[in-house]
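Engineer: These protein sequence lines map, in sequence, to chains W and V.
No gaps in the numbering here: position 552 of the first sequence is 1833 in the numbering used here, and each next residue is one more.
No gaps in the numbering here: position 26 of the second sequence is 635 in the numbering used here, and each next residue is one more.
I should point out that these hints are in silico values taken from the structure, not numbers from a laboratory.
It cannot be assumed that every hint is accurate.
[Unchecked claim] From the structure, some residues in chain V lie toward chain W, with a derived Cβ separation under 7 Å:
hint : residue
1    : T617
2    : T620
3    : N640
4    : G642
5    : A717
6    : S790
7    : V794
8    : K834
9    : S838
[To be verified] Here are the computed distance ranges between Cβ atoms for each label pair:
hint : chain 1 : residue 1 : chain 2 : residue 2 : range
10   : W       : L1536     : V       : N637      : 42 to 48 Å
11   : V       : S626      : W       : E1540     : 35 to 41 Å
12   : V       : D629      : W       : D1357     : 54 to 60 Å
13   : W       : I1442     : V       : S872      : 47 to 53 Å
14   : V       : S626      : W       : I1442     : 41 to 47 Å
15   : V       : S626      : W       : G1486     : 34 to 40 Å
16   : W       : K1676     : V       : S862      : 42 to 48 Å
17   : V       : Q719      : W       : G1321     : 36 to 42 Å
18   : V       : N637      : W       : M1480     : 25 to 31 Å
19   : W       : Q1664     : V       : G708      : 43 to 49 Å
Quick reminder that beta carbons are idealized off the backbone N, C-alpha and C, glycines included.
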Amino acid sequence: MDYEAIGLKAGIEIHQQLDTAEKLFCHCPTRLRDISERDGEFFRYLRATESELGEIDRAAQEEMKQVRRFSYYAYDTTCLVENDEEPPAPLNPEALMVCLTIAKMMGATPIEQVHVMRKLVIDGSNTSGFQRTALIALNGRIPAGARIETLCLEEEAAQRIHDSTFSLDRLGIPLVEITTAPDMRTPEQVKEVAAYIGMLLRSTGRVKRGIGTIRQDVNISIAGGARVEIKGVQELDLIDEVVRREVVRQQQLLLIRDELSARGAVADPAPIPVGDLFKETKSAILKKAPCILAIRLRGFAGLVGREIQPGRRLGSEMSDYAKKCGVGGIFHTDELPAYGVTEEEVSRLRTLSGADDADCVVIVAGSRQKAECAVLQVVRRAQYALDGVPEETRKMLEGGSTAYMRPLPGAARMYPETDVLPVTVTRECRDSLVVPELLTDKTGRFSATYGFDEQLARQLAYSDRLPLFERAVAEGVKPMLAARTLLATLRELKRDGVDTGALGDDCLLSVLGKVESGDLAKEAIPDVLREVASGTGVEAAVERIAPPITSDELVSIIRAILTEREEFVRERGMGALGPLMGVVMEEVRGRVDGRQISEILKNELASML
Amino acid sequence: MCCTYAGTELTGTYITSRGDHAVVKLENGYNIGVPAASIVCTGAAPAVTPAVSPVEQNPDLPGVAIISTGGTIASRIDYRTGAVTSQFSADDILRAIPGLAEIASFRAHQLATILSENMHSGLWQDIARCIYDEIRRGAEGVIVTHGTDTMSFSAAAVSFMLETPVPVIFVGSQRSADRPSSDNVMNALCSAQAAISNLGEVAVVMHASTSDDCCWIHRGTRVRKMHTSRRNAFRSIGMSPIGTVEYPSLEVSLGPAAVLRGSTEPALMDRLDDRVGLLSFYPGMDASVISAYEGFHGLVISGTGLGHVSADSIRTLSGLIRDGTNVVMTSQCLNGRVCDRVYDTGRDLLAAGVIEGEDMLPEAALMKLMWVLGTTDDPDEVTRLMQTNLRGELGRCSPHGL
Ligand SMILES: [Zn+2]
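Okay, chain V solo, but in the shape it has when bound (with noise of 0.2 Å):
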């Protein structure tokens, strides 16, 4: 298309319109955007196909299996329209992450491809199925590849649906991939390694620090996303991360916490039920709010301090409760152990029949009880899954000098 603009006459690509103004690519590569009036379409841009090199898989090296749902791992930009679009397919993946062909040889499977915020619990126990089938088919490691705003959830919901004999490593980046700096390639040839690493149980490997020289892997029950938007994000909460891949040597370091490759058969319980809550009380909190979860089978509470609630609160949890929801104390310090036996508060908690999360963060606790409560509706069975470590999730003793 041509417009005139500034009194000479501009050549351009047409992009979109933006309000009442077209957004044109210049030939000099810059968008501007100008009214829409101005501009003549003077013919279809060229289409343009991609050049795509064939990539070279090696046959001798371990079979891995990545699962996209979304995340952005790979990208590619058009320079033409700027667009960028992200890269699904195996092939994709490996043009675009140099090394990482060199590590294992790839079968890739798209799942999905939504933004995080909008994952759910069909698309978790698709993810697991699809896991669970791989490692039938004798894949060495899984790499999930997962936008990271909740990947945390994801991977706590995978780890309880499954028993996994590899490694299943979920992976995703903090800045996209479009851009050169971004963190992908580093995250995804560390989570490769780690995916043939000698780790067997869910994890997620992201940056170590703000620099490109290590990557955490952190057990997928303990893990959270601890800041908006530096690298290194993610954290163990309440134990030190389970392992580290150096870069960019790629060596796997596994802490004695980590569960060893083949520590346990495939299996999988893939039964969530999602009539369960999530709810971070605050002071001054309308007991209403906990009202609203009336008919749900699982609340768990992200209470105060050491899993504390307003007496207001108490009343209408206790109601709850009696009505057949089962009611988990987490704590918003997310660092710690949450106890109910020293305040009255606590001890009225208590008497009210909610059960203590202990060390657990809220987000593996609301995770755990969506798949407890898809294994069993019995109270005491949940009462007792819910206080026994069954994935790393939950720690009889809490460690000092983390």
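This is chain W alone, in the form it adopts within the complex (with noise of 0.2 Å):
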């Protein structure tokens, strides 16, 4: 597809999360947690405040279509502020400072004095009902191209365990916002430039890593359509897949358009009462609904169920407008007869909603209020169909298609956080800021200086060990040695099942020094670590597997293996030395270095003969 023909424009905001000591707003760990260690419990119901206008936000008065009532979980990592029940503690300074290096690695100018806002998000996800945001530097570039409009540091949100039950344990983590201008003309080079600020933030050392730890959210608008803010995308490989689908979905939608009007269809707002239809119907849903509720799509017949996107139709975006109102989805003509629904009933159906052959009839069911809702939830999306593609915040499903979440959020939702000072960030103390090495840089440095081949340079850069590697060098481990057992020793042990997670830096770094003094032959590393992974010590370790040998030692072993076979030694000569060799290092199974063995060997040797 020419993406320059067709007017794509497309931005990304990164969501990342830091990985600092404290949370932003409070002194409490930024740990996750399991949801079964929770030690309280409760819940509130959110409100929409009245603006000065007398408005109420348009995405926050979509979530207050159902009064919903929020449950939280919250854990002896959670305190107070997690709970909006305690003022928030100053700005983490940890946090500010590695948003500001993330900053000058973009070569974006810093806010003099940074202000908290507040930002409403009443979906639940935040206590308060706002979540707390600070601008920190504006207009950065990165090299792959794309100007880096903001940045900001922002508290992450509670983690949904299931409908309106949240666990608090993520709120407040630090969140570095980077949002680019919508530079970016094709799929790829979404792709690419997520890649490159994904692999900007991982060289500070300083992010989480893992599932969820980072988001992207996509802006996409193509010529004639509108803007949509695809939330959530986790998956770097998914990114653009999801532009090209939603392209799609764009170009699908205005097709629609232009067929509707084309046809004279108009989105009858009239809802009729069809439940004594569904009476005896085959229809659990319908069978059992208090309230059943038509609207005649006058002109729809056949695109309400065609598709804009794989696994998605015009229906289902009428569907996900619907369940802002509590039903489960809706019912349409153009997918009737099906789930129980005859043939009988629809054209029953169609006549007392008056519809001929040219209209769709969508119905929902649900109680009285709900089907209400629903069925003008309907019709708004119905109505949109006519002029193209509704500006919507939407949220990504499994594979890359997406969903309706809410409108785009109006711009008037921040107010100051006036609980917050706020922070002055001094020339000195940008000044003093250290930009650490791009990851892109590292490898290269690495295959340079250590001759590694350009795999496990990259490897070695992008891993969790990383700055076990680079402090082990500095203390005098071989690279290839700390890089071998860094990723290959403890990748082959996790696939053995051994528990890694256990060996921490200061164990795999004394083990590494050990085999560096010649305390421990590096044969020997895997069954050491092995036995540190289940608890035992690296001193006791090293004694149980591979108590050293002094070579006093070594050269008795050898000569009673050489005085065992000396036939075979004076049959072979010094060509014994191969064979030799392997019968030695089996009997002091990796506690010697084979260098050391192979010198005492050919010596010895060579005194027998």
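Need the complex rebuilt from these two chains, each delivered in its own frame; the hints are there to steer you.
Structural biologist: So this is what it looks like as structure tokens:
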């Protein structure tokens, strides 16, 4: 597809959790917990507050369609700040420094005086009803070809456990939000920029790793379409596919618009009660529903069921809108008879709602209040279809298609967090920040300096054990030994079921140090680490697995072996060296370095001959 | 206005200045502090007139008066400037708290807009008079919105100055009303329901737990703020709460101790003597701290344990009492009863003429002493009144199991 021609514009917003000791506005650790460890639970109602203009933010209003009660799990690692029952602590200086470092790496200009804002969020993911956020820097640039508009420092939201239950362990973890300008023109470019930013963030060594610690939101529009924000793309590998599919969706919606317009289609806003039709139906959902309402969409026949994205139809969009009112979804005549609804029921439905073959009838079922709300939502979405693509916030589904979440938030949703004092970022502070080496540069340096092949260099640079590798090398461990141990050996041990997570940096370093000082043969590393992982101290493990052998002891072991095999030795002469090497190695089981054995063996062999 | 910063022209609204920095609200909603010299005024921000929708009041519902003193039960945010303004008119409150208009019809009085630590005896008298007038005009209940810090002082003061046949409910919020999670809505709805309930005394209605499930109704003379920031900071001390209001059902349940509607005729006794102090004793306290109260008509001591102060302090207190200061002993334990007959120190205090404050809270005893001294200066009568239960502030039996 020629993305230039269709006017694709895309920007990304990256949210990355920072690996700080404490949360952004309280002194709790930034540790995630298992929900079974919770030690408290409470519930609240959130309300949109009226603004000066007498209007409630439209995104907030959308959430208010359902009066919802939110439950929260608390832990012994969360406090009253997460509970929204204590004023926030001052902005975490560690998080600010990490954020300023990232800004410096992107060449962005820091804000001299940082002001923390409250951004209205009433989906329950923030106990307060707002997310604290501060603009830290402006106008950066990255080589991948995108301008960085803003860098913000925000608090992470609570983790949704199910429906309206949230876990507070994640709430308040510092998050850097990086927003690019809508500079990207192809799906591949979006992926490239996202990958570059991800690499840059990891280069700081101060960001959290693992699933959910980085999230990408993508803003996409095409000419004639509308700006759509897709939330929460967690896998980088899918980001280009998400863009491709959104382009397709917008194109399909535009085609549907043209066809609707040609047909003179109208979304008739008057709902028709059709509950009586389904009194004896085989559809369990319809049968038990206290209220069923139908809406006639004139000229929509065939288009509601048309696919606009893999697995998604215009009907899916309407269904998403209706679900905001608490109904399970919708039925429409483009897909009926099905789901227990018979041909006859469909034809009676058409008659009752005055629909002809060109029309599509949509029905919703639920309590009277929910059904009335849902039917209006369907009409709303149908009316948007007449105009083309609505501006929306959407969420990613498996595979890269998306579903409607809420309207794009309006601009008027922030006000100052008066409980947090502004922070002045001085020039000295900015100048003192050390810009870390990019992982891509590190990869190059490892190849050039240590002679690693590119794959090994890259693996190492992106590895969790990178800081340990650098420490080990600084302490005199040979780079190749350190790299092999920290990558290959640990990976093999893990594959064998060894709990390599239990191997602390200090343990690993101490084992490597022993090898380097000659107190341990490198052949014994796996066995020693296996022992250490099961809870033994390094010294004890070495003692048990590979008690050091003095060279005197080694000499006598070798002499004994030679004496035993004197005939063989005499027969083969120096040619016996190779086969005997194996015998000795077996005997000392990795307690001595191979080179030392071969040296002594050679000497002893020579003197015997 | 606009300014050049970070190499680009930024447009925004000037909010205020802070140090050498101008605080600017950018179009993306963020505030930033930029060097004051970098900004250029390009024109005045357009004035915004709030779109105010009228609020329908149902005249068939019970009439309730809302008296505001400065606690923010309702507020409104200007997202353009970020300013949060407290709302006090009946209309504003009804708009900010959906559901209120379905409970009662409201008449609002704004007596003050102060932070509650600036509360004083003159304002307590204004509150009591305003409530009294409203009761005489037929209000079926009165709500007083109040900052939470000193709410229990005001509730106690009004308790003594007023005899009321209708509920007089003090209410506030622990989390500011501008936030979607504020406790203001639930507290306000529960207080309105309590104000039309069968209660007939001065009470405080606030969250009972950290969840939005229930409000407690506390007696005005028995309630204390026991946490700096939690929603359920208010606790009844020395007794159970006198009732509950469930949320969201708003079902009111009154306990056996509650005084019921219509138990008395309205009466106002609004004289307060503010030459009265409250002193918390601590080990090693210099007795001159006590001497500072020379010339005061009354002094409530918050003593240790059963109601003790050091031997040094007793000597000074004794002089103070001789010179005409009425001294009442309460305990910093808050829970339990003062008893100065157990140890020598106590007996010395009694000999010096200290009045045992029984199980009264120090703050309630302070308010009571101000009110008693506003009524009489006869020391025997002061003693008698201070040891007589007037508004449920003092119990003859200390309940177990609390
Ligand atoms: Zn915390």
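Engineer: A separate judgement is required for each hint: does it hold in the structure or not?
Structural biologist: Right, here's what the structure says about each hint:
no., hint, result
1, T617, "holds, 6 Å"
2, T620, "violated, 13 Å"
3, N640, "holds, 4 Å"
4, G642, "holds, 2 Å"
5, A717, "violated, 17 Å"
6, S790, "holds, 4 Å"
7, V794, "holds, 6 Å"
8, K834, "violated, 14 Å"
9, S838, "holds, 5 Å"
10, W:L1536 / V:N637: 42 to 48 Å, "violated, 34 Å"
11, V:S626 / W:E1540: 35 to 41 Å, "violated, 57 Å"
12, V:D629 / W:D1357: 54 to 60 Å, "violated, 44 Å"
13, W:I1442 / V:S872: 47 to 53 Å, "holds, 49 Å"
14, V:S626 / W:I1442: 41 to 47 Å, "holds, 45 Å"
15, V:S626 / W:G1486: 34 to 40 Å, "holds, 39 Å"
16, W:K1676 / V:S862: 42 to 48 Å, "holds, 44 Å"
17, V:Q719 / W:G1321: 36 to 42 Å, "holds, 39 Å"
18, V:N637 / W:M1480: 25 to 31 Å, "holds, 27 Å"
19, W:Q1664 / V:G708: 43 to 49 Å, "violated, 31 Å"
When each numbered hint is compared with the structure, violations occur for hints 2, 5, 8, 10, 11, 12 and 19.
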